Each structure stands twice: as structure tokens, then as C-alpha cells.
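**Student:** Hey, can you work out the whole structure from these sequences and the hints?
What follows is each chain in one-letter form.
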Amino acid sequence: METSMNWKKLLGLPLVFFALIVLAVGCSKKETEKAEDNPDDEDNTEAAAANAPAVAVDMANGATVTGKITFTGAKPTLNKIQMDAEPSCAAMHNNIPSQEVVINDNGTLRYVMVYVKDGLNGKSYKPIEQKENLDQKGCLYEPHVIGLVNSEELDISNDDKTTHNIHPQPKINREWNESQSSGDVKKKEFTQSEWPPIPVKCNIHPWMKMYIGVFNHPFFAVSGADGTFTIKGLPPGTYTIAAWQEKYGEQTQKVTVKSKEETKVDFNFKG
Amino acid sequence: MPEETRPDVGNESERDPITGSSLSFPYMISAVLLMASLGWALYDEYYATRPWKDYQHRFVAVYSSWLKKNLPKQDSAEKAVKNSDTYKKLQAALDAADKAAGPDFDRINKELALLATRKSVVDDWFQSRRGELGAKVYDMENAGSQSSHDSQAAAIQKFKDEILTKTVPLENGQGEEKLSYNYDQMEKEYNRLKDRKNDLLSQQAALLRPSSEARKRRDDYMADQLVGLTRQQMQGLIDKMDHFDFDIKQINVPEGNLVDRCESCHVGTREPVVLTRRDVGPLSKDGKSGVEDGSRAFTTHPNLELLKIHNPDRFGCSPCHGGNGRATSSVEKAHGKNEHWLYPMYSPANREAGCNQCHSSDLVVRLAPTLSGGKELFRWRGCMGCHRMEGFDAEPERLFNITQQIKALETDKADAFRNASRMEKQADSMSGNAAAKMNQTAQNMRVSMSRVDSRIEELDTESKNLLQELKKVGPSLKEVRMKLRKEWIPVWIENPQHFRPGAKMPTFRLEPDEVKAISAFIWQSGVQGPMDNATGGDPAHGKDLFETRGCMACHSMGEDADKVGGYFAANLTREGEKTNINYLVRWIHNPRQRTLPYSPTLHRDITPADYQAKNMPFVFDLDHTKSPVDGHEMQVEQQTIMPNLRLNMGEVRDIAAYLMTKKRPDAETAKIYKDASYMDDPKLKAQGLKLVRNYGCAGCHEIAGMEDESRIGTELTNEGSKPIERLDFALLTRDAEDGVEVLGPNKGKDVAPWYSQKGFFERKLAEPNLFDQGKTKTHLEQLKMPNFNLDKTDIRQLTTFLLGSVDPTMPPSFFYKPADQRHDIQEGWWIIKKYNCQGCHVVEIGQHSILMDLPKYQDPDWKEQLPPMITNEGARVSPDWLVRFLKNPSLAAGHGEAENDKDGVRSYLKVRMPTFYLSDNEVRKLVRFFAAVSYQPEPYIQAKVEPLTPAEQAMARALFTSKEAPCLKCHATGVPAHDAKATAPNFLLAKERLKPGWTDRWLLNPALISPGTSMPSGLFKREGDRWVFNGQTPPSFNGYTGDHAELLVRYMFTLTPDEQRRLVGAGGGGGTR
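These protein sequence lines map, in sequence, to chains S and A. Position 58, counted from 1, in the first sequence is what the working numbering calls 58; the numbers after and before it change by one each time, with no gaps. Position in the second sequence (first residue = 1) + 271 = the working numbering.
Because the hints were derived from the structure by calculation, they are not lab data. Fair warning: there could be bad hints in the mix.
Unchecked claim - Restricting the straight-line Cα-Cα distance to at most 27 Å, the calculated cross-link-like pairs of lysine-lysine (DSSO-like) are:
#1 Lys1134(A) - Lys137(S)
#2 Lys954(A) - Lys849(A)
#3 Lys137(S) - Lys1234(A)
#4 Lys1292(A) - Lys186(S)
#5 Lys137(S) - Lys1292(A)
#6 Lys429(A) - Lys459(A)
Said to hold, decoys possible - Far from chain S, by Cβ distances over 10 Å, these chain A residues were calculated:
#7 Phe296
#8 Gln428
#9 Lys465
#10 His812
#11 Leu873
#12 Gln1092
#13 Asn1171
#14 Asp1174
#15 Leu1219
#16 Asp1296
Said to hold, decoys possible - Derived list of chain S stretches under chain A, where covered just means 3 residues or more per stretch with a C-beta under 8 Å from a C-beta of chain A:
#17 154 to 164
#18 170 to 177
Note that the coordinates shown come from a computational prediction; the quantities given were computed from them, not determined experimentally. Even glycine gets a Cβ: it sits at the ideal position worked out from N, Cα and C.
**Tutor:** Quick look at the structure:
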């Protein structure tokens, strides 16, 4: 008993001091978290634009837009294509005008890309036909302008007796440049819609040029040898229709189309 | 205790306050207090002062829930991969391989097991015997006498012949057998069993190879297809979180005296998944995570590539980020944001500052674009004209040192010769050996001085190099009289931004009188020289040339929205207002041409009279660099970066004529440029000199008589380490501490306190005289730093660089000072950036050149006209050839203007690779840079190219000229008509220029090396283990088993001009155009 009293006597006071010190320390104010400088590493909260599944086109109930591309004014003077460097092609045709502007016999314009520029509210549609063809014939591309739905198959064939290379120079899609010998067929696709159209050229025969427009819908057409075009299966609504020609640029018109009805939209390019 | 005191004890104890009165109550209070404070201490220790514990608990909760949420997702993704046909095929292949190996594998295993039972018995038996033998042999070798040696040898023989019997298990496991063997038989059996075991093991390994390869293929496929972790890996992480150790997570790097505890709170930094703030926000009541402040602590490191090359276990966190890595008691302290902590964590906007401590030798720090931008700006805007910064503009200092060294060596030499003569004289008065010795010493002294000569020669070469490398940020002011419209000078000096928005020259705050005096000084100190009359060019053609020769890779044209072209050099929209056309023609023809050479040893320009005095023709250029006066190296070039485009005089005149049309209407300019006859007043000149010196103009311009001026600003090498007290916030200190903005749209408003290095640098850069505010000073006493009109990005980049320019806190072993080829890359970047190589070329993968983004080059036909990508140049060309090409890109043999008016490789390009008059040093650095970037060994030894057999020669020729192979349609052939339309180099260059290995890879897949190239891919297809031409091959190829691409490479590397003519003659698509 006595010893324990002594122990207490010895340790009591220091312990009280210790307790007081602990108390004091404990009382010191807690550091509070402070906000950092403005972060510039904000997470990219925008989810990648949702790739909603493509909608099938209702051909039966859709509207049709049709029209003609006329040309007025002075005819352009076009460069002549000299194919002497490729005798097999020169034998088919030589010293022919470039396809920059192709005026049909009836005064209309060929190879004008007409497409729905606006009004589909970001929906994507499945292609109506499953593939398109691009031929290389007589050292020219046939056709000169092609429209594709994204991821639609494009078959490229070489009917010439020489090797070509196909070199699309897209801004969004992946670029490639492949040689293709006579008779070969290539299957290609462009996975992203891209506008303005992708220029395609053959580096071996530098006069060979064409354009491919890639859309996320099938509502486009290229004017033919009679200058007309037809877009089918369009859901009823109001749209901006655009016509694009490589030399003369783009024109637009606003139209409202109704189910199962045909709407006429004509364009005129001036030389 | 002593007897006597005993009786008193009872009485005394009654009076003793300790025993006499009860202290229970104070004791109880003390005990309670003690217990309470102990509890408090424990609480404080485990919870209150350890905020990281709370962080860890929160992290574990939030991360576990994230993992559990994502597990099914990864699980289904993994299942999807597992259900894919390819995976199933791979799995089937693995199963088949396992199955195929199975029976044999099992059989061998069994055999091995049985073998082991026999082997263990035989091994013991033989090894104990061998031990005994060893002991006997040792005894014999150490025998004292020949006789004892012989007798022991006999005993050994007897020991070995002795036949022992042992029962051992049979190898086939069926029973046992009795072996009666002598020692040699035993050893034989022992070795046989050992070999048998090895044989079986290697059989087993061979058996397993197909299945282990199949397993690897399957797992690789899974890793390629599955983004993120597998189910198993995720489960592993969940288990890790379930058994999480709540403790201080610490990185300790003794070498750097580094203890970083950052990961105690930033627990997720190195998790093998990507955790964004959205993923690891705090848990809400319903158990879902969401973004909230504080969650930032838990994200994974945002740049894993960076972390990969800077392993945190070696580099820690704080050397890059700053802050106090040891502190754990609060966020503020850990981040070093408490008062008096010297190195606060870098703010996110300037976090790349942390790279510079170790990367101060790099101009380009690959993963730190902001810092690299700051360094580039620092140089490009000429900050080092006034401020010394280690590593920047080092040439003048080095040149000075070399000049001193040469002087010292020459003195040494003279002294040595004098001493030698003296010794010889002494020797003459000596005799015999002593004389011989003395003569020998004198001779040695002379001979060693012959070595010094070569050292001096080397230093001379280096000083020539340095003089060639020395560039000024601004143009030489010696030439103004010849170059400029007199009245333009004061207009420009007053505020360069008025004349040319975005001008490189900063705005000085000059009084009108100062402008006048400086203009007068500059004008009157200008030199005069003859110039040819150079009018009569065709501006329309000049415009075309300006837009196609490559001028716009550096220069821009047009103002505001119409501005097109590069940033590197001046905007030329108003060039016609300021320049004399005769000078302009001389300049475009060769921008490096000087009117008078300058001698750094004599500190003056050398005049025609100096040459005449020595009867020497007045010729000075890079081949004639020695001064006629003292024979030392002179500055013979203008110190400009602008290269020589080797244009012919006709084209030069056209471009000059075009530039002279670039001006505002005369009616308007008449109002701008007023009479400036005061500029001829000699009194103003003296006044101007004082001002020019005061404002440090010579930092950026070459000015007559001021070539050796020193920098006027403070050194910035360690500016980021400058204690805050030494940055003069002047009267704005209070505003800085209280967080009152003094600049910009928020002026006067409350902002975060900016009493920090960052706050100072940012504001000083935005308004260099800001800290004069409210002070009473005379005009000349005011802060001199001019306004560089920097935008927000510029300021951020420069601030980052300045913050990072520190006195290192880490030991040198941490600095990025590689001794291998990476050092060549470091050095090369300084040259690449100096001459703006990236204006025309893609040097770094993913980089855009200025040219390729110009509107003109968006057209497919113009894309073919772009200069080559040189990301792989070191692998493509031979270094010897590259040296020649860089020295003279025309590759012409002579100096004639006509033969040099072309591009040596791509003569078909409109854009021209200019002559940069690089010093030998710079050429060497560039060539090494390209070699290092492409992992090419130094020195280069060309691989041998097997010569072609006549049959192969005929085959290759046939393929080259066939319709199927379009090579000669694009590649130049030397036939002018064809080459006019060519879009690729002549094959004749290949032999000296290219490396065969690269050429082969290029043929097979050019787009892999240079995306967008005109050269098509797919010319060859794989057939077995060789590449064959992808098309109809000529009949001679039938039966050829070699690699077609390789054949063509060998053909190219042995092509002669004669052979090429034969090709073209055979109609290989060549000369017929």
C-alpha cells in the first residue's frame, strides 16, 4: 500500500503535466483541407457521341426528292488530259477534257452530289444498297463522284492493262494508298461520315481524280448523264438539300417533304 | 534505518501531510484527467492528426465499389472475347496441343519418377565412393616421399578395382536388381542415369513447346482484344482492397534524400486501371459514387506514359511536383502551401515546371509541351538578349573563352621557345652528360610545343564554327542606311506593334525625344556600300514564287483574319513601305551577305581600305574568313537565321518586286512617315548612343561599336529558386498578399493571393513595368524591360519555364544527361528549332509542319509538293551523304549559280531546301540527331549489296520497264521532259544516299514510314517466306525463288547512268511524255 502511494507520489504530477500537454496539443486547430488551384485536368465528362444504332429506311412510306441540275453561263475551258505516258489508255482516248466539269448534251451537269445536309436530327441510317463500285477504265475513274454510307462496302476494280494506285486523302477517315494491278478487285470502306468529299487520286496517273462523299444516311444521289437525280425513302419533314460540284461549290435549298409524295428540287450552276 | 529515529516514526507519520490527509480526491481528478487525455492522445494519434487514414478508408470503399461495379462489365467483355471465333480457335489449338502432348507427357513423367528412385540410390552409392576416393587422392598428392606416394597410388588402384554389391530398383519399376560394380562401372552407371534424366527433361520441354506457344497466342489475343483487366485481375484487386493495410505509404530514395508519403492519400495513383474523378468520387448514401471535390486525390496518375519512364520508386513524387513529400498532417502542408515552405507544389497550369530541374539541357521535353513551348519562346523572342540563361545563346561566351585560350597558348608557346633557347645556351657552357641532358630537355620542350600548334588550330576551327553559329534575334543595324526607308525607323522604334501587329520586337516605353535620338544614332552608325540596281521584276510571278518556294514556312502575309503562313519570321504585309528594293534583292539572293566583315579581335569592321593596304582583293565569305589585318577569324556573314534559297537573280527580282507592292496606299503612308531630317544631326547621335546602351539594344541587334556589349538584365538560370523576398513586388506587396488583382479585366477585384513566384512572373511578363506603379522615379530610372505583348498561353509557358529554372535540389545522378545516343537527340533539337526545320518538315512523329497546314497544300496535287517527312531520316540516308546534302542541298559540284539553282534530290518540288550555311559542328549534330532518333549505330558501315547476276539484271530491268511496275512513271530519270512531271527522286541517287535495309522496307510499305506519301503500298505480297511482286511478272521471273523486293533494291544500288538510259530507252514509262 505504501509503495503504491510512493509510486503515485512520484508519477502523479508529471502525468498531470503530460495530460495537460496532450490536451493542449489536442486542442490545436485541425488543418482543414483547402481547395486546390483551378484544375485544368477536368475529366472529359462528355461521353463519346453515342453511336446510336442505324435506323432502317422505310422505302414504302418515305418521300422522294427528285430534280435536275442545270447549267447556264459560259462553259469553262477545261484542261486537256494527255495520256501519252500510258499508251494503253491513250489508245482508248487521248487529249480529252478533264472531268472537273461534265456538261451533258442536254445542257445539264453530271457528277453533282445532291444530299440531305440538314434535317435528319443526327440520326444515322442504314445503307439502302449494300455496296458501290468504282472502276478504273481507260485511266479514268468511273464514276467520277460517288456517295457512300459510312461502313458501306466499296468495290474498286481495275479494268486497265496497267497498274494503278488508289490514294484517297481523307481528313477524318484513315488514309491509305495502295497499288492495284490489272484485273484486281479491292474491297474498301470508310467508317466515318466525311464532308467535304474525300479527294481520290492516282499518283501514277496524276490526271486521275475523283471524289467520295461519305454520309451517315443514304439520302444522297449523284446527277447522271441526263442531269437528274432521285433521293428516295426520306422520312417526312423539312430538310436542307445541298448540291455540290467540285468546281462550282455548294448550293442549298430548304424543302418540306411528305410521305409517299415526290418533291421537285432543281439546282442551277452558273459558269 | 537507524535505531534512534524509530520511536519518532509513529508521531511524525500522523503529522505527515502525505499520510495524514487524504489526497484521494486530487488523485482521482488527476487519474480521470490522465485517462481522458490518454484517450484523447490515442484518438488524436489514430484519427485526428492522421487525415490520410480517412483518405485510405474512403478510397478502399469507393474503389472496391467501383471494382465490383465494373467486374461484371469486364466479365462480359472477357466472355465476349472468349466467345469470339478467333479465341475459340486459339483455345481449340491450345487444347489440341495439350491433348497431343498429354500421353507422351504423362509417360515421360512416369519414367522420370521411376528413374528418380533408381537414381537416388545409385547417386548415394557412387557419391560416397567418390568422396572416399577424393580423400585418398588428396593423401597421395601430399605424400612425404616417393615410396609412400607409390604405395598410396597402388592402394587407390585397389580401391577402384574393388567390386561392391548393391541392390537397386529397376528403371521400369518392376522389382530390383543386384549390381556388382567396381568404381569405373559405378561412375558409368551414374553418368548414364544423369544423361537419361536430362534427355527425358528436354523431351518433355519439346513436347510442351507447342502448347505453351498456343497458350501465349491465346493470352496475347485476349490482351489485345480486351480493353482493361480480366476478371481474374479485377478479382485480385478486390481481394487486395479487402485486405488493405492502412498505413503510411512511403517512397524512400536515400540517394536523393527523398521521403515521399504522397501515396498515403493518393492511394490510387498507381492502380493498374484508369480511375477518373467521376469513377472515384465519394460514396453517396445509396452507395453510388459521384463527382465531388476531394475525389481528385484518388484518381490514377493522368499520364501513365510519363510514370512509366519515371518510376516513382526511383523518382518519388515531389522532385517533379514540388510540395513537401514528408508532411502528412494536412493537405496544405503536404502540398507545401503553408507559409515559409520554399517549394510549394506547382499549380496545375505550370506543373511541367517540375520537369526542368532534370531536363534543363533539353530544349524539347517530349511529354511537356508547355515547358518546351516556354523554352522555345524564351529563345525565339530573344529573352537571352538581356538575360543570361544557362544553355541559351552560349556561343558568345564560348567564343570569348576560346579567344582567351588561344591567346594564353600563344603566350605559353613563346615562353617555351624562349626557355628552350636559354637552356641550349646553358648547355653550350656545360660538358658531357649534363650538356646532353640539357639539350634533350630543350628539344622536348620545343617538340611539345608542336602539339600546342594543333591545339590552336583546333581552337581556330572551333571559333570559325562559333562565328558561323552566332545569330542575333534581330537584324543587323549596321545595314539600315542601305536597307531602310529613313522615315520608317522612328515609326518602328516608337512601337513596332503599330506597324506590324505580332512583331517579334517588343515595345519600349520611349519618350518622343528618345525615339528621335535612337533613330539618329542608328542611322548615323550605319555602313554604306555598293548595291546593284535591281528593279524590273515581275510582281505576279514573284507572288507565285513567294507562295510556292517555301517562304511561307517562316513568313506570313496578310493581317488579322487574312494572315497566312508561318510565325517564325516577320509578317511581310507592309514590307514595301520600309525597304529599299536594291537591298531587298541582295537580301533575298543571299541573306547572309554582309557589306563589311567584322573582326572580333580588332573589334571593328574591316574595310576595303584594309584589304587594299595588304594588296588583297576585297573578298570575304565562308571560304575567306581570315582577317587581312591580323589573320584571325572574322564574322563574314550577317547573323541571321534566314537561309539562302539559291534562287536565280530573275526569281529574286520577281519576289522583291512582289514584296515592294505590299504596302498601304501612298496617301496613307504619306501621313505616317514624316520628315526625319533630324536623324542626320550629330548631336542626337551621342544622345542616342547612351539610350541604346541603356535599353540594351545590342542584345538582339548587331550595332556598330557595340558588338561586345554585355547583357543588361538579371540572370535567370535559377530564377525559380529565388526566395520570394528577393522578387520586388514594390508597392504592390500588400495587394499580392491580400489577393487584389492589379491587371487585366479583374483589376481591383479580389482574387487568390498572388504573393508567389508564379504571381510575380505572370504579372511581370504581362506588364513589365507593373512594379513601378506608385513609385517616384525619373524616366531613365524606371524599369526597362519592354513589353513583349504576350498572350495568356505565352505567359503560361514562360512562367512554367521560369518556375522550373531552379537551383537543383536533387543530386546530379537524377538529371537527364544521357551519355548514349539520347544525348545526340538532346543536342539535335537545339539546331532543329534554331533553323525552324519543322516549318517545312515533319521531324517528330505526329507533328505538323507549317507548310502542310497552309490552305494551298490541302489540294491533293499540292500535297505531292510537300517536302519529305524526315521522322525516319537517319534510317533512310547514309550519314556521309547527309553531311554533304546539309552543306549544300543542291548537291552541285561547283559554286556556279546556275548549277546550284535546284534541289539535289527532289528537283521536281517547287519548294526549295535552302542552304543554311551550317557550321561543321551543326551539321555533325544534325546528322547524329537523325541517326539517334532512328536507332542507327555510329559510325555507319554500309551493308554489302550483293551484285546481280546477269540473269537477275535482265529480270530486274524487265520488271522496271514492264507495264505492271509503275516505278519510272513517277521517279525522275534525268530526261528533262519527264522530270518536269516527276514526283519522286532519281534512282541513281540511291547508291550513295540510301541505306539498303530502309529501301527494302520502304518498297514493302511506304505508308508505314511516311503516311500520305504518293508511293503506293501493296506493290509486293507475301508468298511463303519471301516478298513477290504483286502483279504480272515478266516471264523471266518464272522459277525465280528469290525475294523480288530485295532484287529491286540490289538493282537500284547497282544502277549506273548507262543502265538508266537503257531503261528509259526501253520505254519504262519514262521519256515519252
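**Student:** Each hint should be assessed against the structure and marked as holding or not.
**Tutor:** Tested hints:
no., hint, result
1, Lys1134(A) - Lys137(S), "25 Å, holds"
2, Lys954(A) - Lys849(A), "25 Å, holds"
3, Lys137(S) - Lys1234(A), "15 Å, holds"
4, Lys1292(A) - Lys186(S), "14 Å, holds"
5, Lys137(S) - Lys1292(A), "24 Å, holds"
6, Lys429(A) - Lys459(A), "18 Å, holds"
7, Phe296, "13 Å, holds"
8, Gln428, "82 Å, holds"
9, Lys465, "59 Å, holds"
10, His812, "21 Å, holds"
11, Leu873, "55 Å, holds"
12, Gln1092, "31 Å, holds"
13, Asn1171, "28 Å, holds"
14, Asp1174, "19 Å, holds"
15, Leu1219, "23 Å, holds"
16, Asp1296, "22 Å, holds"
17, 154 to 164, "holds (count 3)"
18, 170 to 177, "holds (count 3)"
Violated hints for the displayed structure: none, as all numbered hints are satisfied.
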